[in-house]
Amino acid sequence: MDLLELLPLDELSHGLANLSMFPYFDMAHYIVSIMALREQPGVLEVSRVSPLACWFSSMLFCFGGAVLSAIMLAEPVVAPLSNSTGVLLASITWYLVFYCPMDLVYCCSALLPLRLVLSVMKEVTRTWKVLGGVTLAHSKYKDSLLVMIAIGWAKGAGGGLIRNFEQLVRGVWKPETNELLKMSYPTKITLIGAVLFALQQTRYLPLQTHHLMLIYTVFTVVNKSRMMLTGSSSSPFAAIESAVYKTLFAGHSPYDALTGEVQKACVDQRTTATAGAKEIGENGAAGKTTPVSRVKGQSGSLKAKDKSENADTTNCKKIN
Amino acid sequence: MDLLELLPLDELSHGLANLSMFPYFDMAHYIVSIMALREQPGVLEVSRVSPLACWFSSMLFCFGGAVLSAIMLAEPVVAPLSNSTGVLLASITWYLVFYCPMDLVYCCSALLPLRLVLSVMKEVTRTWKVLGGVTLAHSKYKDSLLVMIAIGWAKGAGGGLIRNFEQLVRGVWKPETNELLKMSYPTKITLIGAVLFALQQTRYLPLQTHHLMLIYTVFTVVNKSRMMLTGSSSSPFAAIESAVYKTLFAGHSPYDALTGEVQKACVDQRTTATAGAKEIGENGAAGKTTPVSRVKGQSGSLKAKDKSENADTTNCKKIN
Amino acid sequence: MDLLELLPLDELSHGLANLSMFPYFDMAHYIVSIMALREQPGVLEVSRVSPLACWFSSMLFCFGGAVLSAIMLAEPVVAPLSNSTGVLLASITWYLVFYCPMDLVYCCSALLPLRLVLSVMKEVTRTWKVLGGVTLAHSKYKDSLLVMIAIGWAKGAGGGLIRNFEQLVRGVWKPETNELLKMSYPTKITLIGAVLFALQQTRYLPLQTHHLMLIYTVFTVVNKSRMMLTGSSSSPFAAIESAVYKTLFAGHSPYDALTGEVQKACVDQRTTATAGAKEIGENGAAGKTTPVSRVKGQSGSLKAKDKSENADTTNCKKIN
Numbered sequence: 001m002d003l004l005e006l007l008p009l010d011e012l013s014h015g016l017a018n019l020s021m022f023p024y025f026d027m028a029h030y031i032v033s034i035m036a037l038r039e040q041p042g043v044l045e046v047s048r049v050s051p052l053a054c055w056f057s058s059m060l061f062c063f064g065g066a067v068l069s070a071i072m073l074a075e076p077v078v079a080p081l082s083n084s085t086g087v088l089l090a091s092i093t094w095y096l097v098f099y100c101p102m103d104l105v106y107c108c109s110a111l112l113p114l115r116l117v118l119s120v121m122k123e124v125t126r127t128w129k130v131l132g133g134v135t136l137a138h139s140k141y142k143d144s145l146l147v148m149i150a151i152g153w154a155k156g157a158g159g160g161l162i163r164n165f166e167q168l169v170r171g172v173w174k175p176e177t178n179e180l181l182k183m184s185y186p187t188k189i190t191l192i193g194a195v196l197f198a199l200q201q202t203r204y205l206p207l208q209t210h211h212l213m214l215i216y217t218v219f220t221v222v223n224k225s226r227m228m229l230t231g232s233s234s235s236p237f238a239a240i241e242s243a244v245y246k247t248l249f250a251g252h253s254p255y256d257a258l259t260g261e262v263q264k265a266c267v268d269q270r271t272t273a274t275a276g277a278k279e280i281g282e283n284g285a286a287g288k289t290t291p292v293s294r295v296k297g298q299s300g301s302l303k304a305k306d307k308s309e310n311a312d313t314t315n316c317k318k319i320n
Numbered sequence: 001m002d003l004l005e006l007l008p009l010d011e012l013s014h015g016l017a018n019l020s021m022f023p024y025f026d027m028a029h030y031i032v033s034i035m036a037l038r039e040q041p042g043v044l045e046v047s048r049v050s051p052l053a054c055w056f057s058s059m060l061f062c063f064g065g066a067v068l069s070a071i072m073l074a075e076p077v078v079a080p081l082s083n084s085t086g087v088l089l090a091s092i093t094w095y096l097v098f099y100c101p102m103d104l105v106y107c108c109s110a111l112l113p114l115r116l117v118l119s120v121m122k123e124v125t126r127t128w129k130v131l132g133g134v135t136l137a138h139s140k141y142k143d144s145l146l147v148m149i150a151i152g153w154a155k156g157a158g159g160g161l162i163r164n165f166e167q168l169v170r171g172v173w174k175p176e177t178n179e180l181l182k183m184s185y186p187t188k189i190t191l192i193g194a195v196l197f198a199l200q201q202t203r204y205l206p207l208q209t210h211h212l213m214l215i216y217t218v219f220t221v222v223n224k225s226r227m228m229l230t231g232s233s234s235s236p237f238a239a240i241e242s243a244v245y246k247t248l249f250a251g252h253s254p255y256d257a258l259t260g261e262v263q264k265a266c267v268d269q270r271t272t273a274t275a276g277a278k279e280i281g282e283n284g285a286a287g288k289t290t291p292v293s294r295v296k297g298q299s300g301s302l303k304a305k306d307k308s309e310n311a312d313t314t315n316c317k318k319i320n
Numbered sequence: 001m002d003l004l005e006l007l008p009l010d011e012l013s014h015g016l017a018n019l020s021m022f023p024y025f026d027m028a029h030y031i032v033s034i035m036a037l038r039e040q041p042g043v044l045e046v047s048r049v050s051p052l053a054c055w056f057s058s059m060l061f062c063f064g065g066a067v068l069s070a071i072m073l074a075e076p077v078v079a080p081l082s083n084s085t086g087v088l089l090a091s092i093t094w095y096l097v098f099y100c101p102m103d104l105v106y107c108c109s110a111l112l113p114l115r116l117v118l119s120v121m122k123e124v125t126r127t128w129k130v131l132g133g134v135t136l137a138h139s140k141y142k143d144s145l146l147v148m149i150a151i152g153w154a155k156g157a158g159g160g161l162i163r164n165f166e167q168l169v170r171g172v173w174k175p176e177t178n179e180l181l182k183m184s185y186p187t188k189i190t191l192i193g194a195v196l197f198a199l200q201q202t203r204y205l206p207l208q209t210h211h212l213m214l215i216y217t218v219f220t221v222v223n224k225s226r227m228m229l230t231g232s233s234s235s236p237f238a239a240i241e242s243a244v245y246k247t248l249f250a251g252h253s254p255y256d257a258l259t260g261e262v263q264k265a266c267v268d269q270r271t272t273a274t275a276g277a278k279e280i281g282e283n284g285a286a287g288k289t290t291p292v293s294r295v296k297g298q299s300g301s302l303k304a305k306d307k308s309e310n311a312d313t314t315n316c317k318k319i320n
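If you read the sequences in order, they're chains A, B and C.
FYI, UniProt numbering numbers position 249 of the first sequence as 249, with every residue one higher than the one before it.
FYI, UniProt numbering numbers position 252 of the second sequence as 252, with every residue one higher than the one before it.
FYI, UniProt numbering numbers position 58 of the third sequence as 58, with every residue one higher than the one before it.
No lab work stands behind these hints, which were simulated from the structure alone.
Since the model is a prediction, treat every value here as computed from it, not as a measurement.
Even for Gly, the Cβ is constructed at its ideal location relative to N, Cα and C.
A hint or two may mislead.
[Said to hold, decoys possible] Pulled a few chain B residues facing chain A out of the computed Cβ check, cut under 7 Å:
no., residue
1, Leu81
2, Ser82
3, Leu145
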């Protein structure tokens, strides 16, 4: 009947679908997530000043998807905390990554081969999370494709989507950037997964669940490996995105016609209202920054991250 | 029995109460809301850089009341998304307002006669929303007038009340202003409506529901038309507000006695702690800004909005 | 059986456990909370500019714990509003503290003996709140110690934990500080109470509820009195905290090794990316501030608070 059923891939997909995420894959997810937190600028200082804030941030990195989908479905936000084993595992990981004697755990995990394996395992958990979110939403809102996509996306990419508030826990506030304004690769791939699984669950996509799980998992794993090995951050969807964007959103551009005038208006305002602007803080200017300056700001903070990572690596080398 | 029942107005009020909001009035609400979003400073840039953030902001403008009241009543926040027809209509409106070829939809809707009709229709939906919120709260919390007012207000003016977080989606953060600190006209009129309907539902106001609906709708429609036609933004409650304020909140003013000293303290602090202030960001200064400077800041941003609107209008003229 | 049962303290503990918080202790809680709000910098201005925002902030100070625990357990956030008597009492208190003719209420309550009594009464309510939160969580999540601690903590110290968002109501935004990054004394003592009551409820701590209530209440009351009378803000746990910190979180410090490099990186970045930094606002720099500068900033704002309090006191003296 189904082409995939005739191939030996069918058995593989059944095997994958029966794979248990606990404990190894979950563990890999915690390690990679907390290492990603540690590599954010300023986190090492926070881990010394307030271990509690650092722990809370780590839990948001690990369980952000569960928290966000709980908020969206009006289920208790503390529910993830009631999963004692998960929280315990994540807390031990947090402790070892941040405070291990000699910094052994972080330095070992940061070695490319091990990090590659862990990252690939983390990618596998994504399939389970997205599918879990979609089926949960399907059981509550039978026909609503949008709700299924939203919950699947939230479960799979929650940590990224609540980034602004996770940063606030650490005393950092960057309102000028969020995952909706500028999606990162994991957020994009999760959105695509949520759309695919939602279509599959509502029978618009004629595939069996375990087959789609195999296809999606292989795609994410291959992509992640390619990106880590080549060090490229180019999205595999860049061409499609660009085509869709040009077709749908660039037909008529009042923006092009406006740009000159708006910028002029902004400049006028800046020069005339400098006193006021100083009072209301530079935040007030966020709405007026042009996309160019925004990108500049972001590349600046990326640079900072790179430096922080280099510093970490140097540190590891010294210890070794 | 009732004076209103003897008048021909009774039939009119029955007719109004049986009016269906879907699809025409809902549509008008979406158009006016999304046009209001488009006229915010910086939104056109966002609509080019990230259509997704722009769409999400539009949905918050259209369904903000439903989202806020869902949060307050611990009901699923995604519920508005499950109303597929509504979201579809709002999304089509969003697309046409922002990306229509030749910008036809926005330019036509921005013409005064059409805009007046649409705005009046949007005002009519307010009555339904406030009443919906009040009766929903009444069914859950029988005797609590405060809860009924809060939910009615949230349903009717939700978009305004969650403005800070809607702006955050677009990368804008203006902590120094919110609807509680400085209420806009729609927020005020909705609050009054919520109070009236809550009093009516708990029988403190001896009126029938459809009569109050007629009275409130006529009042909001007349007021909105007057404000749009005369271009005045003076609130019809200014006199009452001022009287209440003077009676209740200005009897004794420790503030007047304090102002000098507080300002002196602020100045001292600013000059001595400049280094620290620079580190913690200009936000830290928000607490110290005097009301005067706050107003200055706001008028600054209003000026920006005006300019953006002018720019839009110029743009439309060019096309026409 | 139990040592405490043989002592006359047993009767005392039973008497305390049967004490009703309503109305006197609740009233004391409202007065002390709203006075604490009034002594925040900038609040007097807000109370003149927008009584509504001031009232809303006061309610968050009074019912913050109930609101936060409602959010965490996915119960309606408006539920505290449905407690009409409580809200009415708190609102009357708010009005009297902020707008009483001659400022009599604030000036009287600010006198040390009365303030001491009120503060001690407020400390007593903490025991009831923490216990209420812990038992509520225990009834929903039988075995989860973490959830019980979280809800008990939220109920008892909610006002502090949601401080950032309470400030936002007043137009103040201080992302660089929160209760997780730098815990205040009330937050710490509540956390300890939540841990103790959670251990007691799950039978890990072999004590009866009313005995623990007595012990915890006496401890908080004595501590608060000592701190108010001596004017010291030294935590009674400083020694334990320091020991725990040194044992667990300072074993290996990649931070020490890093500090130089990170700071260098920060300086580099600041000098090279000044243009970008200006665009993204000083907030972007929050992540880069060293702990030292953060502390400096905070001591700056504390100084401001002191000055505001002095100003208030001066004002009271003038009136007297």
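Hinted contact serine 82/B with chain A - closest CB pair below 7 Å | Result: holds, 4 Å to nearest chain A Cβ.
Should the hint that leucine 81/B touches chain A count as held when the rule is a Cβ pair under 7 Å?
-> holds, 5 Å
Going by Cβ atoms only, is leucine 145/B closer than 7 Å to chain A?
-> Cβ of leucine 145/B sits 25 Å from chain A, so the hint is violated.
The structure does not agree with numbered hint 3 stated previously, though it agrees with all others.
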